[in-house]
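Please put together the full structure from these sequences, using the hints given.
In order, the protein sequence lines correspond to chains Y and E.
Counting along the first sequence from 1, when you hit position 301 you're at 300 in numbering that gives the first Met the number 0, and nothing is skipped either side.
Counting along the second sequence from 1, when you hit position 125 you're at 124 in numbering that gives the first Met the number 0, and nothing is skipped either side.
Just so you know, these hints were derived from the structure itself, not from any lab.
Among the hints, a few may not be true.
Cross-link-like lysine to any residue pairs, in silico, SDA-like; alpha carbons within 20 Å at most [stated by the list, open to error]:
#1 Y/Lys433 / E/Arg186
#2 E/Lys344 / E/Leu413
#3 E/Lys433 / Y/Arg186
#4 E/Lys433 / E/Ser445
#5 E/Lys344 / E/Trp334
#6 Y/Lys344 / Y/Thr60
Just a few of them, taken from the derived set where beta-carbon distance is under 10 Å, the chain E residues facing chain Y [stated by the list, open to error]:
#7 Asp114
#8 Ser158
#9 Val163
#10 Gly166
#11 Asp170
#12 Ser181
#13 Thr210
#14 Gly212
#15 Glu216
#16 Leu249
#17 Leu339
#18 Gly382
#19 Asp383
#20 Gly442
#21 Arg452
What the simulated footprint calls covered on chain Y by chain E, stretch by stretch (three residues with Cβ under 8 Å from a Cβ of chain E suffice, anywhere in the stretch; the number is not a length) [to be verified]:
#22 63 to 76
#23 273 to 285
#24 345 to 353
#25 394 to 400
Positions of the beta carbon are idealized from the N, C-alpha and C atoms, including for glycine.
Protein chains: 2
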Amino acid sequence: MGLDMTLPPRDAARMAAALDTLAQDFGPRCQTGAAIRDQHGHTATWMATQPPDAVVWPETTAEVQRIVRVCAAHQVPVIGFGAGTSLEGHVNAPAGGVCVDFTRMNKVLAVHAADMDCTVQPGVTRKALNAHLRDTGLFFPVDPGADASLGGMASTRASGTNAVRYGTMRDAVLALEAVLPSGEIVRTAQRARKTSAGYDLTRLMVGAEGTLGLITELTLRLHGIPEAMSAATCFFPDVDAACNAAIATLQYGLPVARMELLDALTVRAVNAYSHLSLPEAPLLLLEFHGSEAGVAEQAAAFGDIAAEFGANGFDWTTQAEDRARLWQARHDAYWACHGLRPGLKSMSTDVCVPISELATCVAAAQDRAAGLGFAAPILGHVGDGNFHVLVQVDTDDPAEVARAEAFTGWLANLAIAHGGTCTGEHGVGQGKAKYLERELGCGALSMMRAIKRAVDPDNIMNPGKVFALGND
Amino acid sequence: MGLDMTLPPRDAARMAAALDTLAQDFGPRCQTGAAIRDQHGHTATWMATQPPDAVVWPETTAEVQRIVRVCAAHQVPVIGFGAGTSLEGHVNAPAGGVCVDFTRMNKVLAVHAADMDCTVQPGVTRKALNAHLRDTGLFFPVDPGADASLGGMASTRASGTNAVRYGTMRDAVLALEAVLPSGEIVRTAQRARKTSAGYDLTRLMVGAEGTLGLITELTLRLHGIPEAMSAATCFFPDVDAACNAAIATLQYGLPVARMELLDALTVRAVNAYSHLSLPEAPLLLLEFHGSEAGVAEQAAAFGDIAAEFGANGFDWTTQAEDRARLWQARHDAYWACHGLRPGLKSMSTDVCVPISELATCVAAAQDRAAGLGFAAPILGHVGDGNFHVLVQVDTDDPAEVARAEAFTGWLANLAIAHGGTCTGEHGVGQGKAKYLERELGCGALSMMRAIKRAVDPDNIMNPGKVFALGND
Chain Y
0 MGLDMTLPPR DAARMAAALD TLAQDFGPRC QTGAAIRDQH GHTATWMATQ PPDAVVWPET
60 TAEVQRIVRV CAAHQVPVIG FGAGTSLEGH VNAPAGGVCV DFTRMNKVLA VHAADMDCTV
120 QPGVTRKALN AHLRDTGLFF PVDPGADASL GGMASTRASG TNAVRYGTMR DAVLALEAVL
180 PSGEIVRTAQ RARKTSAGYD LTRLMVGAEG TLGLITELTL RLHGIPEAMS AATCFFPDVD
240 AACNAAIATL QYGLPVARME LLDALTVRAV NAYSHLSLPE APLLLLEFHG SEAGVAEQAA
300 AFGDIAAEFG ANGFDWTTQA EDRARLWQAR HDAYWACHGL RPGLKSMSTD VCVPISELAT
360 CVAAAQDRAA GLGFAAPILG HVGDGNFHVL VQVDTDDPAE VARAEAFTGW LANLAIAHGG
420 TCTGEHGVGQ GKAKYLEREL GCGALSMMRA IKRAVDPDNI MNPGKVFALG ND
Chain E
0 MGLDMTLPPR DAARMAAALD TLAQDFGPRC QTGAAIRDQH GHTATWMATQ PPDAVVWPET
60 TAEVQRIVRV CAAHQVPVIG FGAGTSLEGH VNAPAGGVCV DFTRMNKVLA VHAADMDCTV
120 QPGVTRKALN AHLRDTGLFF PVDPGADASL GGMASTRASG TNAVRYGTMR DAVLALEAVL
180 PSGEIVRTAQ RARKTSAGYD LTRLMVGAEG TLGLITELTL RLHGIPEAMS AATCFFPDVD
240 AACNAAIATL QYGLPVARME LLDALTVRAV NAYSHLSLPE APLLLLEFHG SEAGVAEQAA
300 AFGDIAAEFG ANGFDWTTQA EDRARLWQAR HDAYWACHGL RPGLKSMSTD VCVPISELAT
360 CVAAAQDRAA GLGFAAPILG HVGDGNFHVL VQVDTDDPAE VARAEAFTGW LANLAIAHGG
420 TCTGEHGVGQ GKAKYLEREL GCGALSMMRA IKRAVDPDNI MNPGKVFALG ND
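Structure representation (structure tokens):
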């Protein structure tokens, strides 16, 4: 269909010329040592590291602009790097190039408490931002688990456990500043909460994975820290019952802040890891944010709904310590799954389907993984229809890695066939590019390519991401 | 700066050739009578009507594709038309062309109750959709006042009174189908609630005002009809106090569904129109959605906050009839303002600022309007920092119209200077195009133009909108 992209050819002379200039401009903030380069191409464990030729640490937008202009002049790739927590190969450098590490652009530039927003540099991590906000009564809700950088989270349209209430990075970013491949600086919007002023460039840059430009500043929506929180947990006879309880809870209009599903295998892993004896059955964990009376009422209302779907062991609380105890299984899940089969590593994949299709897709994934002999615990942000499968893989066994990749491909196509997406929150990167055309069709892919070409005609911004390569 | 666009030249021969083909294909569903053409170029009363050369009523996506292909072949403009409720000249045809009236594409194609979404054709109006949903326990929240078409609302990124709780069309559209100027059909996403799968084409088409393509199908998020609602109203000594109470309410985390401000002049207009005797002072009206206990608690909590800011006459209720009574002033406001000075018409303008700047901007607008001798009542969606000024104008007096236009221009620039936007929810159209560069800067405007050129190189889709013309 002619919808694939090719990588720009490597050219040692051009790269050397660009590096000469950058070394001069940035001194020790431009590095070419192998260890540092490897670190900056390293992503999910199962993907081969593809290091950049150099790493540069800018401190200002003007310095980012300088880097981009030098790279553009020499047609050398530019790859943004936040905290390196991406799971789909976003920071790999398959055509070499210059990695722009935003670690030193880590300032909170302004907090507008009355407007409940703030402006930050892209290297600020979500935990650092929340620490900064501590005394304001406000918080930044998007929580992908890892302490990712906000620039990286915006670039991959990240979300996490509380997206069901507070939305994803798509909703959290009010405006941004970016350096385009031309070296031009774009500000996408002012600080108003709503705008109808032209094309939504904010949303175009969010999720573009650095392929249209580098984000150098973000204005983010904040939320008031709720007066009270409640937590509730219960077990279900099967995934279907858990999902139906989740659907009923949403339809009833309960303002869920988090609603997480752990499948039976994940609960077993948690039991082993944390020396617990939870029933090894699908577990739903909820959190409510609101007034003292409100969150108690909501937890109790959820209990009534869950009972209708055969839930057991319903428990709830508004006390902080007890909440932590109820949610311990979820907090421990990631590392517990890692420990399921000692020596193996987690290949974490992510799909999202309409919630009515969730139970079917989770059950099919469980069956398929079991049939292939994989331990593959499943965790879901069930309120959004989003779930992760943590396939346990011996990464030293290429055949097993290949089988695991085939499984994640099958899962991507399953989600697509059920009206969903091959990536709910991890992004496309290198890993999911080959599924995009099946998901979105030729028309959307060719429109994306037209935009990419219009903004980045020489394909210097993060080449090899989002768009499939000919050989994928 | 070379950021303006020009209109494509009118070419009678090309237009005639296109019309020959369309008349053959669409028979009586292609009309060229003056009355019908005028009706389809008619928008806000103060803008000159610029009728298209013909109006065509497609019934399917394939027919829309056919119209676009014929127009593209002859390089004739294509202008989408929903319900004709736009306020900024979106459906004018300054370069002539073919108006595509979506009235006959008015089917609700699917309702997925478990997923709380639906798929509709663009000619479905928001009231028709809610009538269709009546038995499902679900509703579509976005409410711009007029019974606009959902395609038009998406194209202008419309919102309204309850955006503070439910978001705008930006948030409401999960996916869409559009016919691009090339005739290609694009589907921007599947039905999953979240996705990180490539560029956000959905958000790019929402708010593009038909300049990138025609929307032919929309998948929309729905919400559960709340178990209970409460309403609360009170008067404040001045706009500043009302805005500060609104800010405190949001920071406190009260889940407001609507929060509307009427200034003293609007209240006076309502008193006259509805024979009421409300205090002629800034009025705040709130609505809460939730459980019986929750909405009562929230209204009472708002009362406590309002009292801290000197509110008088606090009243609240959960009863439907009493809610209607409390909100009557808001429901009557639009027509009441029309009646302020008999014979004059409302020129309705819309800006949005960070909420901390709202009181300053409203007060400045009141002063300026009074200084110019205009009756100009102000209504605000105060939770979003969005407000409308309804300037009362004698539209038969060109000098007065010019002074009113100068006032709306001054207001647009005021909002921009205070970190806001020249259009919060009405869109750019023809009326606001000249302010966009000041608001967003050269970089954003040139990126928008690059996208426009990549998708619509011949500028046939709704030319003369969004981008300023050289003579603006």
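For each hint, the structure was consulted:
1. Between Y/Lys433 and E/Arg186 the CA atoms are separated by roughly 18 Å; this keeps the pair inside 20 Å, and the hint holds.
2. For the hint pairing E/Lys344 with E/Leu413, the CA-to-CA distance comes to about 24 Å; that exceeds 20 Å, so the pair is violated.
3. The straight-line distance between the Cα atoms of E/Lys433 and Y/Arg186 is roughly 18 Å, inside the 20 Å bound, and the hint therefore holds.
4. For the given pair, E/Lys433 sits about 14 Å from E/Ser445 by alpha-carbon distance, which is consistent with the 20 Å threshold.
5. Note on E/Lys344 and E/Trp334: the hinted pairing holds, with a Cα-Cα distance of about 11 Å set against a maximum of 20 Å.
6. With a CA separation close to 38 Å, the supplied pair Y/Lys344 and Y/Thr60 exceeds the 20 Å bound.
7. Taken as an interface hint, E/Asp114 checks out: its beta carbon lies about 4 Å from the nearest beta carbon of chain Y, inside 10 Å.
8. At about 6 Å, the closest approach between the beta carbon of E/Ser158 and any beta carbon in chain Y falls short of 10 Å, and the interface hint on this residue holds.
9. With a least beta-carbon distance of about 8 Å to chain Y, the hint placing E/Val163 at the interface is held under the 10 Å criterion.
10. A distance limit of 10 Å between C-beta atoms decides the matter here; for E/Gly166 the minimum to chain Y is near 8 Å, and the interface restraint holds.
11. Interface hint status for E/Asp170: upheld, as the beta-carbon distance to the closest one in chain Y is roughly 7 Å, under 10 Å.
12. Taken as an interface hint, E/Ser181 checks out: its beta carbon lies about 9 Å from the nearest beta carbon of chain Y, inside 10 Å.
13. For E/Thr210, the shortest C-beta to C-beta distance to chain Y is roughly 8 Å, which falls under 10 Å, so the interface hint holds.
14. Taking 10 Å as the C-beta cut-off, the interface hint given for E/Gly212 holds, the closest approach to chain Y being about 9 Å.
15. A least Cβ separation of about 13 Å between E/Glu216 and chain Y goes past the 10 Å threshold, and the interface hint is therefore violated.
16. For E/Leu249, the shortest C-beta to C-beta distance to chain Y is roughly 7 Å, which falls under 10 Å, so the interface hint holds.
17. Because the smallest distance between the Cβ of E/Leu339 and any Cβ of chain Y comes to about 26 Å, over 10 Å, the interface hint for this residue is violated.
18. For E/Gly382, the shortest C-beta to C-beta distance to chain Y is roughly 8 Å, which falls under 10 Å, so the interface hint holds.
19. The beta carbon of E/Asp383 comes within 4 Å of a beta carbon in chain Y, closer than 10 Å, and the hint placing it at the interface holds.
20. Nearest Cβ of chain Y to the Cβ of E/Gly442: about 4 Å, under the 10 Å cut. The hint holds.
21. Satisfaction of the interface hint for E/Arg452 is found here, the shortest Cβ-Cβ separation to chain Y being roughly 7 Å, below the 10 Å cut-off.
22. Requiring three or more residues with a Cβ within less than 8 Å of a Cβ of chain E, the coverage given for the segment 63 to 76 of chain Y is violated, as only 0 such residues are present.
23. Three residues within the 8 Å Cβ limit are the bar, and the segment 273 to 285 of chain Y against chain E gives 0, so the coverage statement is violated.
24. Restraint check on the segment 345 to 353 of chain Y versus chain E: 3 residues with Cβ-Cβ distances below 8 Å, three needed, restraint holds.
25. With 0 residues bearing a CB less than 8 Å from a CB of chain E, the segment 394 to 400 of chain Y misses the requirement of three and the coverage assertion fails.
The structure does not agree with the numbered hints 2, 6, 15, 17, 22, 23, 25 stated previously, though it agrees with the rest.
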